[in-house]
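Peer 1: Chain order of the listed sequences is W and B.
Under my numbering, the letters of the first sequence match residues 48 to 200, in that order.
Under my numbering, the letters of the second sequence match residues 129 to 388, in that order.
Keep in mind that the hints were calculated from the coordinates and are not lab data.
Hints may be right or wrong, so weigh each one.
Quick list of the computed label-pair ranges, beta carbon to beta carbon [as the list claims (entries may be wrong)]:
| hint | chain 1 | residue 1 | chain 2 | residue 2 | range |
| --- | --- | --- | --- | --- | --- |
| 1 | B | Ala305 | W | Arg85 | 39 to 47 Å |
| 2 | B | Asp312 | W | Asp59 | 16 to 24 Å |
| 3 | B | Ala305 | W | Asp59 | 18 to 26 Å |
Stretch by stretch, here's where chain B covers chain W in the computed footprint (C-beta under 8 Å, at least three residues) [claimed, not checked]:
| hint | stretch |
| --- | --- |
| 4 | 61-67 |
| 5 | 73-82 |
| 6 | 107-118 |
Ideal Cβ placement from N, Cα and C applies to all residues, glycine included.
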Amino acid sequence: MTVASQQSQYLDRASSSALVDVVDLILDKGLVIDVYVRVSLVGIEILTIDARIVVASVDTYLRFAEATNRLDLARSGTETKGLPGLMDEIQESGGRKKTKGALEGVKDTVSDLLQGDESDEAEDEAGEREEARRRESGDRPRHRRSSSRERER
Amino acid sequence: MAEEGRACYVYGVVTEDRSDDAVRDLGAVGDPDAAVTLVRHGGQAAVVSEVPVDKPLGTPEDLRAHARVLDSLAARSSPVLPFRFGTVVRDTTAVTDELLSEGHDDFARALDRLRGRSQFTLRARYVQDAVLREVLTEQPDAVRLREELQGLPEEAGYDQRIQLGQLVMDAIAAKRAVDALEVDRRLGPHALASVSTEPSSAEGLVNASFLVEDERRTAFEQAAEELAKLWNGRVRIRLLGPLAPYDFVADAMNPAKEGE
């Protein structure tokens with residue numbers, strides 16, 4: 048993409064080809080042309096990504112409690128184990144379990160979970176996970192999201 | 129174009145005057161060696177490439193290629209009408225005789241509405257330790273639970289742990305609601321439209337897309353930079369763009385909506 052048009056000291060303007068970013072940007076977005084015009088579409092099989100997982104669960108609470116407990120209030124540094132490792136674990140378990148007591152608003156997508164790390168590392172992880180979650184299905188990508196987005200027609 | 133076993137992948141529609149310089153060699157969906165080209169008809173051009181029909185689409189590289197082509201066009205200039213990933217038609221004749229002919233008026237309206245405008249997408253996340261510290265400062269109950277748990281073995285204090293974790297997540301959710309409004313309050317005035325999605329991960333603050341006019345772009349970017357400065361150390365903010373207007377193209381196509 049483009050170089051920032053002005054200097055950004057605090058803002059991260061790095062363009063990203065991380066899969067998680069791309070998935071979040073384009074999946075389920077854009078014009079569905081056969082809604083607007085009659086076109087003989089060729090039905091090519093589209094691999095789908097089922098990216099939704101549930102974060103809020105007893106597991107999550109426990110992990111957050113752990114992160115909070117490990118926080119060293121005496122120091123200002125960031126030496127606690129923190130959430131990145133935590134988030135990975137949540138993700139591992141979150142996908143399979145749909146624990147009761149989910150908090151509203153903290154359901155999540157794989158892409159959202161991973162996007163914190165702008166590094167290639169995140170990208171690779173994402174790639175693997177996406178692959179793992181990928182499965183074949185109908186002729187439209189289905190990317191279930193926790194959030195409802197208004198869509199015309 | 130499109131011989132046996134090949135079809136025509138369509139990325140989107142632009143105006144006829146655009147060149148394919150920016151996209152020709154970017155790598156196409158489904159076939160990295162295929163050229164991305166423009167097929168022109170009636171003042172408009174479809175951005176297309178050849179694609180093999182015998183293998184499914186949707187690998188990470190396919191998704192990247194789709195976005196790369198559209199965003200490269202958007203980076204040069206607007207308008208760009210992005211199609212949904214996976215749009216494939218028979219051949220270039222179908223592109224001109226069906227897609228561009230039939231869709232001409234709808235596309236023209238959307239192109240008109242999106243001229244001089246592009247999408248910027250902002251991703252904000254809390255810095256984990258910083259937000260946990262805030263929560264502990266603001267929630268005496270969290271501090272109490274934390275103290276109760278200090279020194280307890282893993283097995284003990286299960287209920288308190290659950291309680292603490294839930295309390296922390298609730299507190300972060302409350303911050304999110306306030307901070308997401310602040311994002312919109314600061315950036316919204318510089319944009320024509322915005323869409324934000326529900327808080328992302330447990331430490332996500334907001335994902336928001338803005339439709340920004342070229343003339344307002346600098347002001348918009350400045351506002352984002354100021355916010356990133358204000359929240360430095362507390363919230364990480366990334367700003368992607370200019371991008372193709374993935375989140376706004378459907379509205380632009382809608383005949384019922386008046387353009388600004």
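Peer 1: Each hint: holds or not?
Peer 2: Each hint, compared with the structure:
1. B:Ala305 to W:Arg85: 39 to 47 Å: Cβ of Ala305 of chain B to Cβ of Arg85 of chain W: about 44 Å, so the range 39 to 47 Å holds.
2. B:Asp312 to W:Asp59: 16 to 24 Å: 19 Å, holds
3. B:Ala305 to W:Asp59: 18 to 26 Å: At roughly 23 Å between Cβ atoms, Asp59 of chain W and Ala305 of chain B fall inside 18 to 26 Å, so the hint holds.
4. 61-67: holds (count 5)
5. 73-82: Holds, because 8 residues of the stretch 73-82 of chain W bring their Cβ atoms closer than 8 Å to Cβ atoms of chain B.
6. 107-118: Holds: 11 residues of the stretch 107-118 of chain W have a Cβ under 8 Å from chain B.
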